[in-house]
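Chemist: As they're listed, the protein sequences go chains G and A.
The numbering used here puts the last residue of the first sequence at 347; the count rises by one with no breaks.
The numbering used here puts the last residue of the second sequence at 289; the count rises by one with no breaks.
Source of the hints: derived by calculation from the structure; they are not laboratory data.
Check the hints yourself; a few may be wrong.
Derived pair list, reagent style SDA-like, types lysine to any residue, alpha-carbon separation capped at 25 Å [claimed, not checked]:
| no. | chain 1 | residue 1 | chain 2 | residue 2 |
| --- | --- | --- | --- | --- |
| 1 | A | Lys90 | G | Ala211 |
| 2 | A | Lys78 | A | Leu142 |
| 3 | A | Lys90 | G | Val298 |
Covered stretches of chain A (in silico footprint by chain G; criterion: 3 or more residues with CB under 8 Å from a CB of chain G, positions within the stretch not fixed) [said to hold, decoys possible]:
| no. | stretch |
| --- | --- |
| 4 | 5-18 |
| 5 | 139-151 |
| 6 | 212-226 |
Every residue gets a Cβ at the ideal spot worked out from N, C-alpha and C, and that includes glycine.
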Amino acid sequence: MGKIKELYGKLGKTKLSNKTKSILMILAGLAALLCPFIITSKYTLHVIISCFIYACLTLSLNLIIGWSGQFSLGHVCFFGMGAYVTTLLMTNFGMNFFFAWIIGIVFTAGFAALLCLPTLKLRGDYIAVVTLGFGEVFRLFLTNAVDITRGPAGIPSVPDPTVFGLEISGKTAYYYFALILLIGFIVFMKRFNNSGFGMAVMTVNEDDIAATALGLDPRKYKLSAFAIGGGMAALVGGFYAVYMGMIAPTSFSYAESIKMVSMTVLGGMASIPGSILGAFLLTALPEMLRSFSEYRMVIYGAAMVIMMIFKPDGIWGRNKRRKNEYKYVAMRGVKNGENSASKKRNN
Amino acid sequence: MFLQHLLNGIVIGGIYAMVALGYSMVYGVLQIVNWAHADVLMFGTFIGLILTGLGLPVWAMVIIAASFTAVLGMSVEKIAYRPIKSANRKMAVLVSALGMSTFLQNLAQLIFGSSTKPFGAIEKENYQIGTIMFSNMQVIILIITAIMLIILYIIVYKSKMGVAMRACSVSIENAKLMGINTNRIISMTFGIGAFMAGIAGVLIGTYYSAVYPTMGYLLGMKAFAAAILGGIGSISGAVAGGFVIGIIESLGAGYISSGYRDAYAFIVMIIILVIRPSGIFGAKHIDKV
Chain G
1 MGKIKELYGK LGKTKLSNKT KSILMILAGL AALLCPFIIT SKYTLHVIIS CFIYACLTLS
61 LNLIIGWSGQ FSLGHVCFFG MGAYVTTLLM TNFGMNFFFA WIIGIVFTAG FAALLCLPTL
121 KLRGDYIAVV TLGFGEVFRL FLTNAVDITR GPAGIPSVPD PTVFGLEISG KTAYYYFALI
181 LLIGFIVFMK RFNNSGFGMA VMTVNEDDIA ATALGLDPRK YKLSAFAIGG GMAALVGGFY
241 AVYMGMIAPT SFSYAESIKM VSMTVLGGMA SIPGSILGAF LLTALPEMLR SFSEYRMVIY
301 GAAMVIMMIF KPDGIWGRNK RRKNEYKYVA MRGVKNGENS ASKKRNN
Chain A
1 MFLQHLLNGI VIGGIYAMVA LGYSMVYGVL QIVNWAHADV LMFGTFIGLI LTGLGLPVWA
61 MVIIAASFTA VLGMSVEKIA YRPIKSANRK MAVLVSALGM STFLQNLAQL IFGSSTKPFG
121 AIEKENYQIG TIMFSNMQVI ILIITAIMLI ILYIIVYKSK MGVAMRACSV SIENAKLMGI
181 NTNRIISMTF GIGAFMAGIA GVLIGTYYSA VYPTMGYLLG MKAFAAAILG GIGSISGAVA
241 GGFVIGIIES LGAGYISSGY RDAYAFIVMI IILVIRPSGI FGAKHIDKV
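With the hints as constraints, model all of the structure from the sequences given.
Modeler: Right, dumping it as structure tokens:
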């Protein structure tokens with residue numbers, strides 16, 4: 001154990017120079033660009049696209065859980081809502097994919113804000129229950145409102161999107177589409193993380209009473225973080241619908257929410273590389289270890305417990321704010337949670 | 001028809017009340033939601049199923065299954081909640097509890113298979129008074145619920161341990177100063193809650209004659225909605241909330257739409273959280289700096 005800890009500490013301290021960093025970035029970019037030419041297997045490409053989809057979803061969930069500190073367990077509801085609204089607009093009204101997509105995103109973001117309203121006054125566990133309950137109500141709606149959603153059968157043959165007369169179809173095209181989405185998400189989250197708005201969201205997360213004293217309205221930041229996270233999930237949902245070519249209520253079940261939460265938590269809360277790492281690991285590993293697939297969820301569950309006991313920050317926690325956090329911890333006199341009992345009451 | 005729905009609602013409400021008590025008591029003492037509660041219940045029900053298969057008499061089966069559930073509930077606390085000492089404890093415990101719930105649910109799927117199994121511990125007989133139909137199972141559920149609630153009342157309000165338990169729910173630190181072994185009390189709280197859940201699990205398993213690994217999920221969520229409705233942390237609130245949720249669900253399924261049967265509890269819960277987050281019987285909680 002000791003040795004592993006030492007090694008881990010060294011790894012954490014290793015600082016890459018800017019030059020090596022940029023070289024690595026360029027290499028990674030090239031690899032990502034050339035991926036469909038090197039990998040010919042359709043199945044492998046599908047797994048990679050799934051990795052991208054989950055990475056985007058994890059980023060959007062991490063915005064709500066990690067950055068804003070609201071434990072949402074119904075994220076799949078926003079994902080599904082984006083997928084359904086986009087698809088229904090396309091199939092029923094023959095709308096262009098991109099228009100339908102935007103309407104789906106805006107609709108879901110508004111809905112997320114509405115859902116967030118009752119939970120604003122509440123503490124962590126309540127938010128989790130309300131979002132989970134809502135996810136369940138949404139799934140029941142999808143299954144029961146046969147007139148609108150076609151019920152459990154789902155909607156088959158979602159049309160492919162067209163850009164300037166060019167139809168996006170086939171694995172390779174979708175691969176690039178997903179790649180663009182992922183890069184867009186990463187850039188957005190980086191901007192968010194370093195923006196004043198992002199800082200305000202994090203301040204509210206750390207201590208909303210102190211934030212109020214600073215003149216930040218906690219409700220505003222919690223609400224907008226929830227809405228943005230929901231909108232981002234809807235964006236991925238719209239892509240998912242056209243990529244899969246069909247959607248059904250079974251794709252948007254509670255287990256899917258749990259999967260996203262475990263990716264977020266294992267990867268690292270409020271961490272961009274952590275989210276991507278978590279999503280890639282938990283999507284690709286089960287595919288590689290097909291024979292263990294039945295143990296997958298058991299291992300997820302156990303990993304969540306073990307991780308929370310030994311490394312509650314996740315695999316790749318928010319390194320960037322480590323320095324400030326040490327100060328914060330020292331100020332409070334909290335080391336390894338010795339003082340956690342008194343803190344618990346205050347949270 | 002109304003009385004019929006009401007009766008069905010009260011019967012199922014008794015089961016919700018028993019499960020809700022586990023959530024409420026743990027929340028009262030530790031201020032955490034025991035997400036794994038419902039999955040512990042499911043494990044207990046499977047043990048009951050296995051014991052029935054072995055040919056044990058019903059009363060012995062119920063007691064052994066509930067005891068096993070109690071032990072499992074206590075071990076969950078020891079494994080997943082007690083060791084967590086992170087600075088952001090609340091979030092960490094929530095995730096860990098969720099992990100434990102996922103773990104138990106999928107472990108059950110591996111061990112027992114994911115199919116629904118019939119559970120016929122008690123031979124079913126139907127009776128009729130006027131227009132109301134009821135079965136012996138419903139009578140048994142009501143009687144056992146009443147007995148369990150009385151026993152719980154005696155434990156919490158009349159026994160020494162109950163005093164210690166209530167002291168812990170006021171303030172753990174002060175209870176420690178008074179010489180109460182808080183770890184033992186916390187463990188016992190989980191044990192008692194899980195024992196009740198074990199009995200509720202066996203009852204609902206026989207009532208619907210269905211046992212499956214995900215049975216805890218919806219049952220647990222509805223029970224939690226009941227605990228919130230009554231005011232989480234309050235014992236009488238959990239009982240009242242359980243019956244109210246049961247009746248609302250039964251009437252809703254009968255008069256509005258049965259397709260949304262599972263949704264009513266959540267809708268009620270969301271409405272309660274908007275109007276009165278502390279629940280019917282709950283004390284108002286004020287966040288201190």
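Chemist: It remains to establish, for every hint, whether it holds in the given structure.
Modeler: Hint-by-hint comparison with the structure:
Between the alpha carbons of lysine 90/A and alanine 211/G the distance comes to roughly 19 Å, so the proposed pair stays at or under 25 Å and holds. Restraint check: the Cα-Cα separation between lysine 78/A and leucine 142/A comes to about 33 Å, which exceeds 25 Å; the hinted pair is violated. At roughly 23 Å between alpha-carbon atoms, lysine 90/A and valine 298/G fall within 25 Å of each other, so this suggested pair holds. Under a criterion of three residues with beta carbons nearer than 8 Å to beta carbons of chain G, the stated coverage of the stretch 5-18 of chain A fails, only 0 such residues being counted.
Look at the stretch 139-151 of chain A against chain G: 0 of its residues bring a Cβ nearer than 8 Å to a Cβ of that chain, fewer than three, so the hint is violated. By the rule of at least three residues with a Cβ nearer than 8 Å to a Cβ of chain G, the coverage given for the stretch 212-226 of chain A holds, with 5 such residues.
When each numbered hint is compared with the structure, violations occur for hints 2, 4, 5.
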